[in-house]
Amino acid sequence: MREQPSASELLDAVAEFMAKELMPRLSGRVAFHTRIAINVLAIVRREMTLGPAAAAREAARLAELLDAEGDAEALTDALCERIAHGEIDANDPKLIEHLWATTMDTVAIDQPNYATYRCATGAEQTPAAAEKSKE
Amino acid sequence: MRVNPRRAVEDFEDHLSAMIESRRDAVSVAADESELADRLARLAEHWLEPGAKIITLERLSGGASQETWSFDVDARGSLRQLILRRNPGGAVKLDMVAGMETEARLIRLAEQTGAPVPRVVHVLSPEEGLGSGFIMERIEGESLARKLLRDPQYAIARTRMAFQIGAAAARIHQMDPARTGELRRATIRSSLDDATALYRTNGKRRPVVEWALRWLEANRPASDPVPTVVHGDLRTGNFIAGPEGLRAVLDWELVHLGDPMEDLGWACVASWRFGNLDKPAGGFRLPRAAVCRLRIRRRPSRRGGPSPVLGGPGHGALGTHLRHDGERLSRRRPLGGKGGDRPASFRNRD
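In order, the protein sequences belong to chains P and Z.
For the first sequence, my numbering gives the first residue as 1, with consecutive numbering after it.
For the second sequence, my numbering gives the first residue as 1, with consecutive numbering after it.
A portion of the hints provided could be inaccurate.
Listed below are the simulated DSS-like cross-link pairs for lysine-lysine, each with C-alpha atoms no more than 25 angstroms apart in a straight line [what the hints assert, rightly or not]:
#, chain 1, residue 1, chain 2, residue 2
1, Z, Lys-147, Z, Lys-279
2, Z, Lys-204, P, Lys-94
3, Z, Lys-279, P, Lys-132
4, Z, Lys-279, P, Lys-20
These are calculated hints, taken from the structure and not from any lab test.
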């Protein structure tokens with residue numbers, strides 16, 4: 001059985017304490033670094049929430065792409081070797097799909113408000129689409 | 001989370017820099033702030049005039065490689081507002097970093113060439129006991145991207161910044177390479193090798209980075225342009241501006257000789273638009289004429305043609321720069337700004 005409160009709830013509580021209680025009492029560099037710390041907690045929280053499923057998807061894609069079994073890290077290294085040495089077609093749709101999906105999952109954890117990511121997920125219009133809708 | 005996410009993201013790059021920096025701070029700074037104040041006071045007496053006093057001394061955030069301090073000197077009633085940039089010694093200096101003496105020398109050369117920079121008023125010498133570095137005049141204004149790009153008081157500045165950034169870049173690129181003294185030379189080859197080496201030291205290998213490195217290798221220009229002074233970190237966040245527009249280009253620590261297109265490309269990278277994806281010039285609106293030219297040039301042209309020549313009298317505005325950029329990119333593949341696009345596929349070099 002999982003403990004209550006969960007690890008991610010505890011993280012939320014710490015981050016909220018820092019944002020609401022600490023930040024208003026701080027200024028200058030310490031405030032700046034506290035803001036970094038709050039952001040780091042948010043990354044950790046997303047890693048906990050989204051990381052396991054993303055890792056499982058990545059492993060499944062790698063196994064199919066390379067038609068091999070093994071842990072994801074070893075398969076990733078093998079894929080890197082093959083890309084670096086030109087042993088895999090750089091335009092292979094399956095490869096492109098894997099790179100795209102892996103990158104999107106990574107950004108979802110690291111920096112989900114990155115504007116380009118938001119466009120790619122449809123959360124925000126691309127500049128081209130925005131221009132079109134104006135016409 | 002009750003944190004404003006937009007704010008968090010806008011500062012993400014600075015945060016990473018500061019995190020790296022703060023680890024170093026723990027070793028080099030904490031113990032000697034009062035000592036720094038003492039030595040600065042002695043320096044001010046010697047360098048300005050007897051009786052000169054340090055009234056304020058404050059460590060500024062930002063700037064990944066070196067310390068930056070803001071301080072005021074009361075020199076017998078006349079106030080000097082100054083900035084100290086220094087490397088206290090012992091800090092890791094990356095190969096890409098020009099070094100304090102070089103930075104000071106190049107800022108002075110930039111001033112002579114007409115680029116908007118702070119005036120360097122003193123270069124530290126070892127016996128002053130402050131490490132290597134220099135003192136420059138403090139230019140009042142705003143450098144935070146989110147304020148420059150969103151606050152109402154910078155509305156007029158926002159209509160001018162793209163042009164002014166381009167004009168500043170043109171001045172920088174007109175600096176005489178023969179007068180720079182010793183300065184790192186980056187070629188397309190060495191830049192690619194350095195980026196690869198930096199990635200390799202990171203430890204973890206990533207397929208998408210391997211793919212990107214292979215793309216760069218396949219698409220790199222065949223030859224280097226005439227070596228030009230390149231700022232190296234010309235982007236929103238390193239500009240000081242007031243409500244009337246650009247006041248100074250800061251952070252010269254990555255200055256080197258290379259391809260001037262590097263500055264323009266870097267200024268337009270999606271990250272430095274801070275969310276304003278439709279405004280390629282560092283998140284600032286392009287001058288109207290430049291937008292028209294850019295639209296025309298964006299239509300894919302299949303003809304190769306020679307590389308555009310930079311440095312001519314007409315390349316004052318970033319818009320004009322972008323026109324060149326558009327030509328170059330249309331012969332390869334657009335990389336930034338088209339968020340919804342899938343990764344560009346490989347093509348052979350023209």
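Right, here's what the structure says about each hint:
| no. | hint | verdict |
| --- | --- | --- |
| 1 | Lys-147(Z) to Lys-279(Z) | 16 angstroms, holds |
| 2 | Lys-204(Z) to Lys-94(P) | 22 angstroms, holds |
| 3 | Lys-279(Z) to Lys-132(P) | 16 angstroms, holds |
| 4 | Lys-279(Z) to Lys-20(P) | 34 angstroms, violated |
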